[in-house]
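K.L.:
For the record, the sequence lines run as chains A and B.
Using the numbering used here, you'd call the opening residue of the first sequence number 6 and step up by one each time.
Using the numbering used here, you'd call the opening residue of the second sequence number 48 and step up by one each time.
Because the hints were derived from the structure by calculation, they are not lab data.
In this text, all values refer to a predicted model and were calculated from it rather than measured experimentally.
Using N, Cα and C, we set each Cβ at its ideal position, and we do this for glycine too.
Some hints could be false.
BS3-like mimics (lysine-lysine), calculated; alpha carbons at most 30 Å apart, straight line [unchecked claim]:
(1) K124(A) / K260(B)
(2) K56(A) / K259(B)
(3) K212(A) / K161(A)
(4) K255(B) / K124(A)
(5) K19(A) / K260(B)
(6) K56(A) / K93(B)
(7) K56(A) / K260(B)
(8) K124(A) / K259(B)
(9) K19(A) / K233(B)
(10) K60(B) / K19(A)
(11) K260(B) / K120(A)
(12) K260(B) / K131(A)
Quick list of simulated restraints, FRET-style, between CB atoms [what the hints assert, rightly or not]:
(13) F297(B) / E414(A): 53 to 61 Å
(14) F297(B) / G219(A): 26 to 34 Å
(15) L263(B) / S113(A): 35 to 43 Å
(16) Q86(B) / A144(A): 34 to 42 Å
(17) S113(A) / Q86(B): 40 to 48 Å
(18) A236(A) / P308(B): 25 to 33 Å
(19) K185(A) / S94(B): 50 to 58 Å
(20) L263(B) / G169(A): 54 to 62 Å
(21) E58(A) / Q258(B): 27 to 35 Å
Negatives, chain B to chain A, calculated, CB over 10 Å [claimed, not checked]:
(22) L71
(23) I78
(24) S89
(25) M92
(26) S94
(27) R98
(28) T120
(29) I219
(30) L252
(31) I339
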Amino acid sequence: MFKQRSGSGVFLGKIRRRVFIFSILLIGCLMLISMRLWHLQVLQHEILAGKSENNRIRQLRTDGLRGRILDRNGIPLVDSRPSFQLSLIPEDVEDMEWTLDFLEKEISIDKQAIKEAIKSTRSFNKVTLKRDINREEVAFIEERRIDLPGVFLEVKAARNYENGDMAAHILGYLGAISQKQYEKSSPEIYSRDDFIGQYGVEKVFEKTLRGGKGFKRIEVDAAGRELRNLATKHPESGTDIHLTLDYETQKAAEEAFGDKMGAAIAIDPDTGEVLAFVSKPSFNPNDFAFGIKSDVWKKLLADEFHPLQERPTQGQYPPGSTFKIIMAAAALEEGIITPETKFYCPGHYRLGRRSYRCWKKGGHGYVDVHTALVRSCDVFFYNVGIKLGINKIAEYSRKFGLGVRTGVELANEKPGLTPTKEWKLRAKKEPWIKGETVSCSIGQGFVLATPIQLARMVAMVANGGWLVTPTIIKKDNIKKETGGVKTSLKDETLDIIRLALRGVVAEQHGTAWRLRKGKYTYAGKTGTAQVVKMKQNEKWEHEKMQIKHRDHAWFVSYAPYDNPKIAVAVIAEHAGHGGSMAAPIAQRIMDTYLSKLEKAGLIEAPTKDEGQKTE
Amino acid sequence: MTGEYLERYKWRKFDSTLLFIVLLLSAIGVIAIYSSNLQSDSMFMKSLYLRQIYWISLSLVAMGVVMFIDYHTIERMAYPLYTVGIISLILVDITGHTGGGSQRWLAMGGFNFQPSEIMKITLIILIARIVDDMEKDEEMGVLDLLKPAFFAAVPFLMVARQPDLGTALIFIILFASIVLFAGIRKRIIVKTAALMAILAPLFWLFLKPYQKKRILTLLDPESDPMGQGYQIIQSKIAIGSGGLWGKGLFEGTQSKLNFLPAKHTDFIFSVVAEEVGFVGSIILIALFFFFIMRVMETAIHSRDKFGALITVGVGSMITFNLLYNIGMTLGLLPIVGLTAPFISYGGSSLLTNFIGIGLVLNVSYRRFASE
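Pulled out of the complex, with its shape left as it was, chain A reads as follows (with noise of 0.2 Å):
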């Protein structure tokens, strides 16, 4: 080695060993950082290259075109429409304040909620400004896009309600999948930002329309610029839906309510099809297609008539009258009367302390029970329902599809309500008074029923004792033969119901005579429900009572005669008198589908002299 020759040598003496404290203070903190680095790079590494290949890969999400919704023939009643989307990116923008003051002057946009969008958002990530913009702001925006940096226009497929309110509650309308939905589906099926099918057709049928969602995974760099394509799965296009609905027949039925709030369902009472089914009042579905407004949804939810109630099958409603052609099968199948049986109707019918009234102040006289059918006589079913007992009112009326769901593919069907002695016990504690059987026979009291139950039971009499499944799905081939239950109902009971049903409208004191000058030969029974019971000795002045306290009219019908094609039921809430309210509504319903399928061949021309026979 060499020898120190300066006048330093204690010092360099020193220097050895300073630099050893030096050299192991540095292996201690090389020691740390070697620690660190197992730390990160082997005990954490699969966590971290995780998010190393997050950070690199985005999955973008495309979307399935949504099938249609289209009606027997084919007409498209729900599509999809492009639409415009305005969205920016907040770090391209140069001037937040003034771009977003700008917009919320030219289209009115929400700057509040976007700022608070803006802060919730991930960096580089886009922030919705305004969806399904119109032709105008989407010039204008195209105009000015020098002028706003970040902002830009995306194109999107936008739910498209060709007719507005008509079906609504039919069609349904789709809505932002809920927390819980989202929880329940994958995510493959499902993003959080995605529109569900949230009622009616849409959400029953959901998985057919929805289509699959499609990926493209791309690699970004920071700043979320696109560099290369990695994988792409293309979407999958949902399935058209065929409903049973008929256009035409629908647009008629709708048209024929008018302002008038209600119910109507036409079914092919061969096959169960359903031909037309209104509820009203209606709401606009296309309101639904961005994510409903919460002032409009509030308006919808409040609204004292119920917009939203899906009335033909959720509606229950005391069938009012039209339950005596249960009431007339049931005493003919019981042998209780025989066709020529007469009952003398003095206007009232005394139980006991209490008298009930007929409808017919002055009486009816001696009726069978086909003038009973025809002019609607109560004291005729009182003296029926008394001899039958409730229970075997119920038992027929289940036979004629009343207290069960019909089993339609809609959600939240109503089964309405078939009384009997052991319900009562049950659901109220009580037991049965004879006097409730009174009320039940003419379709009063507890008994409950949703127009498409009293669709169903009018077409079950039109077409031979079937009792059919009504659906809203077009398929190939179903006859009453395959979808329907005979029921046990001898020929003649229901020959002599139908007979009765036509004088309903055909003969001079029939309920629903206004109806008999009309194109074809209808068939029907008239009803009333009453909303409000009547005092034994008040007068029934309909037009002095408040809106919501009038009765309702029931129309159940079908036609032609002799060869039933369509079988409606009718109601016309608050309207009073099913004849002069609901029928006219039933006739143009009926009118509108056969004269199709009279163009179409499908039946023979009316002759004239039948829409003339009278009693």
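Model the placement of chain B on the given structure of chain A, informed by the hints.
P.N.:
Below, chain B alone, put in the same frame as chain A:
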């Protein structure tokens, strides 16, 4: 023949191993800079590695110049050199332009130069000179420390004002390490340590809000994932995703796709660690360790006290820069603008470190000069 023999003998005393390690580290830096900007759209960024090579060449020339001037001559020039350094710091204050929120650059012939970097060298020389001038063999007392402390405090305050706390801290480190190597009384060490412990909370009060935030963010990077914490998180992701063997040379995605900010300067170590993994990182750290020990060994074998002191000064400067920089990329220390010696991009720091190495080689080369 004798003269020729002497020349060859002297040449053998030149520490070529040290120079070789420096060049190796610089080459690693060039490759890392090249890799980190491989996919950049900007031609400027893509060619940064060429600029780095240019700077390395320039720095090698500067190193050679420094090496061949006898360091005793340099010792005599200590005060003028220090004055030039201070003047250039004042110039930064007046004319310098702002980069990254602080004023620390000086435009010089087309290149931006950071005078605070070169100030480190002049401070090392001056403090070593002052301590050497004392001609004391025993440990220094408090009064002995006042003079070097004053000369360190001037650039510290000036640079801290820019504000560039990282570099300012280096001046304190240089002062402390040189006087510690020179020897001070144990009592002072103990008392200073105690005083610092007491003053640390007060120090906190003098930090600017952004500096406080950096320290707080370090403790919990996720609290501010888009702001201060972003760099820490992304650096940890880069290093951690490298794993044991790394993603492979030129395969690092964190750096290339720009997730890692300041990737070719302050976070170059993260770029390396992502691509070569734990194994490569340890090799790099070992290389640095070997390098630093080589410098320190020069101090032990130096001919005189001044030579030893400038060598430990340079050694401490490089060591502190390295440890702090790596600690910062690993999320162990708050983020300040301290670069990794020889591998980070940047002309000023390259020049400074190479000049420092020039001094070390100078001391090593002349250890037998009197023979």
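K.L.:
Against the structure, test the hints numbered earlier, and report the numbers of the ones violated in rising order.
P.N.:
5, 31
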